[in-house]
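Number of protein chains: 2
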Amino acid sequence: MRNTAIGFGFREIQLPTFEGLDLFTTKSGQGIVDELYAFEDKGGRMMALRPEMTAQVMRFYIAEMSVQPKPLKLFYFGPCFRYENPQSGRFREFFQLGAEIIGSRTPETDAEVISLAVSTIESTGLKNCRLRIGYIGVLRSMLANAGILDSKISEGLHLLDKNDEKGFSAFASEAGISEEKVAEMLSLRGIGGGEEVLDRVPSDDAKKYLQELSGMMKKIGIRGFEFDLGIVRGLDYYSGMVFEIDAPNLGAEKQVCGGGSYSLIPAFGGEEVFTTGFALGFDRVLIALEKEEFEIQSPGLDAFIIPLGEEARESCMELVSRLRKSGFIVDFDLMRRNLSKNLKYASSAGAKTAIILGTKELSSGTATIRDMVTGDQKEVPLDSIRDFLGSNP
Amino acid sequence: MRNTAIGFGFREIQLPTFEGLDLFTTKSGQGIVDELYAFEDKGGRMMALRPEMTAQVMRFYIAEMSVQPKPLKLFYFGPCFRYENPQSGRFREFFQLGAEIIGSRTPETDAEVISLAVSTIESTGLKNCRLRIGYIGVLRSMLANAGILDSKISEGLHLLDKNDEKGFSAFASEAGISEEKVAEMLSLRGIGGGEEVLDRVPSDDAKKYLQELSGMMKKIGIRGFEFDLGIVRGLDYYSGMVFEIDAPNLGAEKQVCGGGSYSLIPAFGGEEVFTTGFALGFDRVLIALEKEEFEIQSPGLDAFIIPLGEEARESCMELVSRLRKSGFIVDFDLMRRNLSKNLKYASSAGAKTAIILGTKELSSGTATIRDMVTGDQKEVPLDSIRDFLGSNP
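Protein chains in written order, with the working numbering: chain H, -8 to 384; chain P, -8 to 384.
Only chain H is shown next, with the shape it has when bound in the complex (with noise of 0.2 Å):
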């Protein structure tokens, strides 16, 4: 994953593991509060474990790279914490990996994102999972227009991403909100599926926008998604695009990915620049690989190398630090164990040849070269081992 974001430019960067409580909640909301690990320090801080990194990113960008050429490519990985009961793909300390782009308000900005978080998970190797694109700036502009602050616009849209089609008429009724005009914001939830749909959606603008997107995403080789104009981000900050990648093979906690365009820089007091950025789960990305029957390969051992006798003790040592210099991956007999004994370990350790080093061996200059699949055996000059080895992958 991280050499598919450096690939596309984007710069790793590290975060705290915990910072200021207020950080957290000028993003999130007081509500946070109890999703949370926090603790007072020694000093009387409030402080608290970060439940996500966004908030982060934000206050570096603008305490250390406001001045930085635009756009900025950042991304990073790490532990974050949330205190919620412990099921199968929600852990308390779990793994985020998430890349933002500052500065830049495009279609091909969004379509680089997207683009990047799609390209993370294929290099996993996971096979099966689904993207979908969709516009919350329809809907924000939508409950605008129809009068509603937009301070309590996140409440509405609180309700519909909890799936609370009731809850949400009744919140906009309460605010005035014709029948008609509920049902036409509803009817966004109906609108999914292939580029067609898009002649559905009731702003030109979004429709044009996600037209375009459409067709660089295609020009950069992603198939197979589709548009959703019912998705609903549990986050305030969204503005315009969004997107959700699911595995579908996870049930209930299918989602690996979600992201879109956003604006949140104001409210931790710097000015207005856009982003569009991801965060993705990367225990559930493990997760869902393992639902898939990937095998998961350990570097195992090129070779695991057996004195025989004290007298190659010494010997031993020698080839090991040689072969180790040259980028083989090899361990040796460290407790002084018989051949089977030690033929075992190695066995066990994944190692894909034996080379026994016995006196009679040393006093020609050879050692005997074992395939640990096959048993085949062979004797070969001890300066020529690294070419063998090489040459037997």
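Take the hints with a grain of salt, since some may be wrong.
Note: identical chains are not told apart, hence a pair may lie in one copy or across any two.
[To be verified] Heads up, simulated EDC-like pairs for lysine to aspartate or glutamate below, C-alpha to C-alpha not over 20 Å straight-line: (1) Lys33 to Asp13; (2) Lys33 to Glu10; (3) Lys198 to Glu283; (4) Lys209 to Glu301; (5) Lys316 to Glu113; (6) Lys33 to Glu75; (7) Lys172 to Glu203; (8) Lys198 to Glu43; (9) Lys245 to Glu217; (10) Lys118 to Glu75; (11) Lys33 to Glu84; (12) Lys343 to Glu302; (13) Lys209 to Glu43.
Calculated directly from the structure, the hints in this document are not laboratory data.
Place chain P on chain H using the hints.
The following block gives chain P in isolation, referenced to the frame of chain H:
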């Protein structure tokens, strides 16, 4: 560092960022609570952000790994936390890399651990560091033979670790140790230097052990280390060989790595299993590299692609995607800027080349590739860009 540890046949383990407070006090005593970030969770349990990871490795070993074939070779990397006054090389959040070999007790086990510590540090490019090897077992035996109880020995060792010779003498005479014996104990601190000083070690077992270790260290190519029988590590549990690596240009906080052999598992409820391990201060290594004016290379960009005009934009995105899939680090114009602004941005992003796609070039199926160092420009067929970049390091 990671690749070096894998090359030595160590496996990486992930440990939680915080655990129950008593895990850390079991290992390090109640005194450590003052230095910890400890907090009560919503379930009323006392937790602490980890101050180091050895105690976690031991818990993990007992809970999950005790039946695995020995020796177990494990390494870890992650943030640790101490509530202390921040200063150069002492941060409240810092990164540790560490390794343990569990279940083996031979000089080659110790040689392997020391060798890994030295090799991981060398792999970063740090030139100037100093390895000292001691044997805390000598002093421990002298104190035990003089009738000091195990539970009191730590008290004496702590005084010496803090260079408090006067305090140690008072402690020893109070415990009824003769002046002659105290002088003998203190004289260990003068035994430092090359292999020749081992003749002065007042324990035949320790001397023989260190001589054997020394021979092995040379065979694996580690030179320039010294013996120092005065090393008394601050932690209670080391029992045999101990070692420290300093980066002299760090000043007062010059130790970058410390380790040794111990048997800690009984304290956590497991059976006695010998272990050799180390922990390495990653931040200190970085500071030492900075002092050596080491330049940390950023990956930069192989190419920055600039479309001129709307028609070129989609071709640009196709090319970007194709080059990234071939493994190149590639970025492109996200903000629809003009050529000169794009070239300026490409330069600030460390791009080696800029690829310019204009209408004229596209109709002839070519692009202009500009060398960002020399400014030379060359027209290259679109199909040959991959080869051109590959041959243009």
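Do the hints match the structure? See the list:
In this assembly of identical chains, lysine 33 and aspartate 13 lie within 20 Å of each other by CA distance both inside one copy and across copies; the values are 17 Å within and 19 Å between. For the homomeric pair lysine 33 and glutamate 10, the shortest alpha-carbon distances inside one copy (14 Å) and between copies (19 Å) are both at most 20 Å. Taking the shortest alpha-carbon separations for lysine 198 and glutamate 283, neither the intra-copy value of 36 Å nor the inter-copy value of 56 Å comes in at or below 20 Å. In this assembly of identical chains, lysine 209 and glutamate 301 lie within 20 Å of each other by CA distance solely across copies; the values are 16 Å between and 65 Å within a copy.
Taking the shortest alpha-carbon separations for lysine 316 and glutamate 113, only the inter-copy value of 12 Å comes in at or below 20 Å, while the best intra-copy value is 33 Å. In the homo-oligomer, the alpha carbons of lysine 33 and glutamate 75 lie at most 20 Å apart only across protomers (10 Å), although the nearest pairing inside one protomer, at 25 Å, exceeds that limit. For the identical chains of this complex, lysine 172 and glutamate 203 are neighbours neither inside a copy (28 Å) nor across copies (86 Å), given an alpha-carbon limit of 20 Å. For the identical chains of this complex, lysine 198 and glutamate 43 are neighbours neither inside a copy (31 Å) nor across copies (54 Å), given an alpha-carbon limit of 20 Å.
For the homomeric pair lysine 245 and glutamate 217, the shortest alpha-carbon distance inside one copy (16 Å) is at most 20 Å, but the shortest distance between copies (57 Å) is not. Taking identical chains as interchangeable, the C-alpha atoms of lysine 118 and glutamate 75 are never at most 20 Å apart, the minima being 29 Å within one chain and 47 Å between chains. Only between protomers do lysine 33 and glutamate 84 lie at most 20 Å apart by alpha-carbon distance; the minimum there is 15 Å, versus 23 Å within a single protomer. Taking the closest pair of Cα atoms, lysine 343 and glutamate 302 never come within 20 Å of each other, the shortest separation being 25 Å inside a single copy and 54 Å across copies.
For a Cα distance limit of 20 Å, the shortest separation of lysine 209 from glutamate 43 qualifies neither inside one copy, at 31 Å, nor across copies, at 49 Å.
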